Amino acid sequence: MTTDAALRKSSLAVESFLFAGRLLTHWRREPVMTVQALLYPTFLLIAYDLLVGKSILKITGRDSIYGLVPTCAIAGAMFGALTASLAIRVELDWGLLPRLWVLPVKRASALTGRLVAEAVRTLAGSIIVTLVGVLLGLRFEGGWLAVIPFILVPVAVAVVFSTVLIAIAVRSKSSMALILVGVFSVSAVFASSGAPPVETLPSWARLLVQFQPMYPTVQYMRALAEGGPGLQPLLVSLIWALALTAVFGPLAIRGYRAAAGR
Amino acid sequence: MTAVAALTERMIRITARDDLPFAILATAGIFGFFNFALRNVIDTGQTNYAQYILPVIIIQVTFLGALSTVDRAAHDQRSGFGIGIRTLPVPVVAPLIARMLYCLLRGVLALLAALAVGYLFGFRMGGGFLYTAAFVILVLLFTLALSLGADATGTGAARSAIVRTGASSQLLLIPQMLLVMLSTGMAPADSFPDWLQSFVRYQPVSQVTQTLQGFAAGGVSVSNLATSLAWCLGLLVVFGALAVRMQRRTE
Numbered sequence: 001m002t003t004d005a006a007l008r009k010s011s012l013a014v015e016s017f018l019f020a021g022r023l024l025t026h027w028r029r030e031p032v033m034t035v036q037a038l039l040y041p042t043f044l045l046i047a048y049d050l051l052v053g054k055s056i057l058k059i060t061g062r063d064s065i066y067g068l069v070p071t072c073a074i075a076g077a078m079f080g081a082l083t084a085s086l087a088i089r090v091e092l093d094w095g096l097l098p099r100l101w102v103l104p105v106k107r108a109s110a111l112t113g114r115l116v117a118e119a120v121r122t123l124a125g126s127i128i129v130t131l132v133g134v135l136l137g138l139r140f141e142g143g144w145l146a147v148i149p150f151i152l153v154p155v156a157v158a159v160v161f162s163t164v165l166i167a168i169a170v171r172s173k174s175s176m177a178l179i180l181v182g183v184f185s186v187s188a189v190f191a192s193s194g195a196p197p198v199e200t201l202p203s204w205a206r207l208l209v210q211f212q213p214m215y216p217t218v219q220y221m222r223a224l225a226e227g228g229p230g231l232q233p234l235l236v237s238l239i240w241a242l243a244l245t246a247v248f249g250p251l252a253i254r255g256y257r258a259a260a261g262r
Numbered sequence: 001m002t003a004v005a006a007l008t009e010r011m012i013r014i015t016a017r018d019d020l021p022f023a024i025l026a027t028a029g030i031f032g033f034f035n036f037a038l039r040n041v042i043d044t045g046q047t048n049y050a051q052y053i054l055p056v057i058i059i060q061v062t063f064l065g066a067l068s069t070v071d072r073a074a075h076d077q078r079s080g081f082g083i084g085i086r087t088l089p090v091p092v093v094a095p096l097i098a099r100m101l102y103c104l105l106r107g108v109l110a111l112l113a114a115l116a117v118g119y120l121f122g123f124r125m126g127g128g129f130l131y132t133a134a135f136v137i138l139v140l141l142f143t144l145a146l147s148l149g150a151d152a153t154g155t156g157a158a159r160s161a162i163v164r165t166g167a168s169s170q171l172l173l174i175p176q177m178l179l180v181m182l183s184t185g186m187a188p189a190d191s192f193p194d195w196l197q198s199f200v201r202y203q204p205v206s207q208v209t210q211t212l213q214g215f216a217a218g219g220v221s222v223s224n225l226a227t228s229l230a231w232c233l234g235l236l237v238v239f240g241a242l243a244v245r246m247q248r249r250t251e
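First to last, the protein sequences are chains A and B. Residue 230 in the working numbering sits at position 230 of the first sequence; the count goes up by one each step and never skips. Residue 248 in the working numbering sits at position 248 of the second sequence; the count goes up by one each step and never skips.
Simulated from the structure, these hints should not be mistaken for lab results. Careful, some of the hints might be misleading.
The following residues of chain A were derived to be distant from chain B, with all beta-carbon distances above 10 angstroms [as the list claims (entries may be wrong)]: (1) L12; (2) L18; (3) A47; (4) D63; (5) P98; (6) A124; (7) G228; (8) L244; (9) V247; (10) I253.
Distance windows between CB atoms, simulated [as the list claims (entries may be wrong)]: (11) A:Q232 x B:S223: 53 to 61 angstroms; (12) A:T25 x B:T2: 14 to 22 angstroms; (13) A:R254 x B:A133: 52 to 60 angstroms; (14) B:D190 x A:I148: 33 to 41 angstroms; (15) A:A243 x B:I12: 37 to 45 angstroms; (16) B:G219 x A:I148: 54 to 62 angstroms; (17) B:L233 x A:G142: 19 to 27 angstroms; (18) A:R29 x B:E9: 51 to 59 angstroms; (19) B:A241 x A:L152: 46 to 54 angstroms.
All figures in this text were calculated on a predicted structure; none of them were measured in a lab. We put the beta carbon where it would ideally sit given N, CA and C, even for glycine.
Please put together the full structure from these sequences, using the hints given.
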C-alpha cells in the first residue's frame, strides 16, 4: 500500500528534487565545488576591490563595488556550472548517468533536477557574495527589497549557462570545449564590470563589450543596487536568456538522451 | 635512450593536446584580459601598462602550471604506471626529473608566448642581452622551485582524499590569486588601501615581479635582487629536498 501511495505521489517535481538532492549532496562533499562556486568568487571580489577600488573611485567618482559584486556573483555562478559540467563527462564514462537513465522515473527529471541543483547552489553563492559586498560598502539605494531580484539574477544566469554547458558536455570527448566556453564567458562578465569604465575604451571594444549578453545583466544588477532605471537592461537580458535557451535547450535534451540512453 | 628521455617524451605526448596548448593560450589570454581590463584604470605613470604587467602575468601562469603539476604528480604516483615504473631498473628520481624537464619546457613555451603577446602590446626588453638572459633565468628558477613544491605535494599526498579529488590544486587557487592580485606586479603600492600597502610591497610575488620589471627595463636595485634570489633559491632548496625525499617513499 505504502509503495503504491509513494508511486502515485511521484511527480516530475518530486523526482527533480530527488535528482537535485543527489547532486547537492555530491557537491557539498566535493571541495572543488565549494571552492569554485563559493570561496573563489568571494575572494576574487575582495582582491579585485582592493586592487581597483581606489583607482576606479579616482576615475569615475563611483564605488567600484557596485560593478564588482554583480560580476563576481555571476562569475561564481559560471565557475560552479563549469565545474558541474566537467563532472558530467566523468559520470557518463563511469556509466552512472546511463544507470540513472533506466530508473522508473520521468526522463525529464534528470535534466530538470540538474538545473534545480544549479539554482540552489548559485542562490547560496549569490547570497554569500552579496553579503561580503555589503560588508565592503554595497548599499541598496532604491530600498532593500531590490536585494531579492539582485540575488536571483545570478541564479537565472546559472540555469541558462549550464543548459549551454550540458549541451556541449554530452557531445564533446575532451573538456577543452567546455573550458574555452567557460573562459570566454567569464571574461565577458569581467569586461562588463565597469572596471574598465566603458567610456575609456576604444569604440570597437565598447561595441564588443556592450553587445554581449553579460553586459545588460551586470547593468541590471547594478541598477537594482543603485536604485536606477533597470527596465531596458532587464529586457535585453531576458531576450538573450530566451534566445540561448531556445537554441541550447533542445540541444541539451537531445544530447543528454543520446549520451545517457546509449 | 635513457629512462629520463623516454619519460620526458611520455610527458610531452600525454600533454601535447591539453596542458601544453593550454599553457600558451592561458598566457596570452590572461595577459590580454588584465591588460584590457586594467590598462585605463591603473595609473603606472610613465610606464606602459603592458610593460608593467607582463612579469606578474608570467608569475601567474607559473602558479597555474604548478597547480596542474600537483595533479599530474599525484596521478603518476598512484596509477598503475607509477607502481610499474618503481619495479623497473631505473633511478628512483627519473620520473621526477622527467616531470621537472617537462615543467621547464612548459615554462619556456609560456614565457615565449608571454613575450610574443607582450611585444604586440608594447612590452620591450630594454636592457640588452645580459638583462634579457637574467630575466629568463629568474623566470625558470621560479618555475622550477614552484614545480618541485607542487610535485612534492602531489606525490606526498597522492592517496589522501584532498589530492585525489583534485581539491588541493583547487584550494591553492585562492592563495595564489591573492598573492598575484595584491602585488605591485598588478598596480603600484599606492593604488592599494593604506593598511594593505606594506603587505603588498614586501610579499614575495611583488619582490620577484619587481626584479623582473627591473631586468626588462635594464636596471634593478641590489637589495631587491637579493630578496628575489633568496626567495627563489630558498624555495628551490627546500622544495627540491622535499620532492626528492617523496620519491623514496614506498608503500
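Legend entry - Non-interface label on A:V247, tested against every C-beta of chain B at 10 angstroms: holds, 25 angstroms
Inset, instruction - Can you let me know if the beta-carbon spacing of A:R29 and B:E9 is within 51 to 59 angstroms? - result: At roughly 38 angstroms between Cβ atoms, B:E9 and A:R29 fall outside 51 to 59 angstroms, so the hint is violated.
Inset, instruction - Return holds or violated for the Cβ distance of A:T25 and B:T2 against the range 14 to 22 angstroms. - result: violated, 49 angstroms
Inset, instruction - Confirm or reject the claim that B:D190 and A:I148 have a C-beta distance inside 33 to 41 angstroms. - result: holds, 39 angstroms
Legend entry - Verdict for B:A241, A:L152 (Cβ pair) under range 46 to 54 angstroms: holds, 52 angstroms
Legend entry - Status of the stated non-contact between A:L18 and chain B (beta carbon gap over 10 angstroms): Given that every Cβ of chain B is farther than 10 angstroms from that of A:L18, nearest at about 24 angstroms, it holds.
Inset, instruction - Could you let me know if the closest chain B CB is still more than 10 angstroms away from the CB of A:D63? - result: holds, 13 angstroms
Inset, instruction - Could you say whether the range 53 to 61 angstroms given as a hint is met by the Cβ separation of A:Q232 and B:S223? - result: holds, 55 angstroms
Legend entry - Beta-carbon spacing of A:A243 to B:I12 - inside the hinted bounds 37 to 45 angstroms or not: Taking Cβ atoms as reference, A:A243 and B:I12 lie about 42 angstroms apart, which means the hint holds.
Inset, instruction - Would you assess whether A:I253, listed as outside the interface, keeps its beta-carbon beyond 10 angstroms of every beta-carbon in chain B? - result: Check passes; 29 angstroms lies beyond 10 angstroms.
Legend entry - Whether the CB-CB distance between B:L233 and A:G142 falls inside 19 to 27 angstroms: Violated, at about 56 angstroms.
Inset, instruction - Take a look at whether the Cβ-Cβ distance between A:R254 and B:A133 falls inside 52 to 60 angstroms. - result: holds, 56 angstroms
Comparing the model with each numbered hint stated earlier shows that hints 3, 12, 17 and 18 do not hold.
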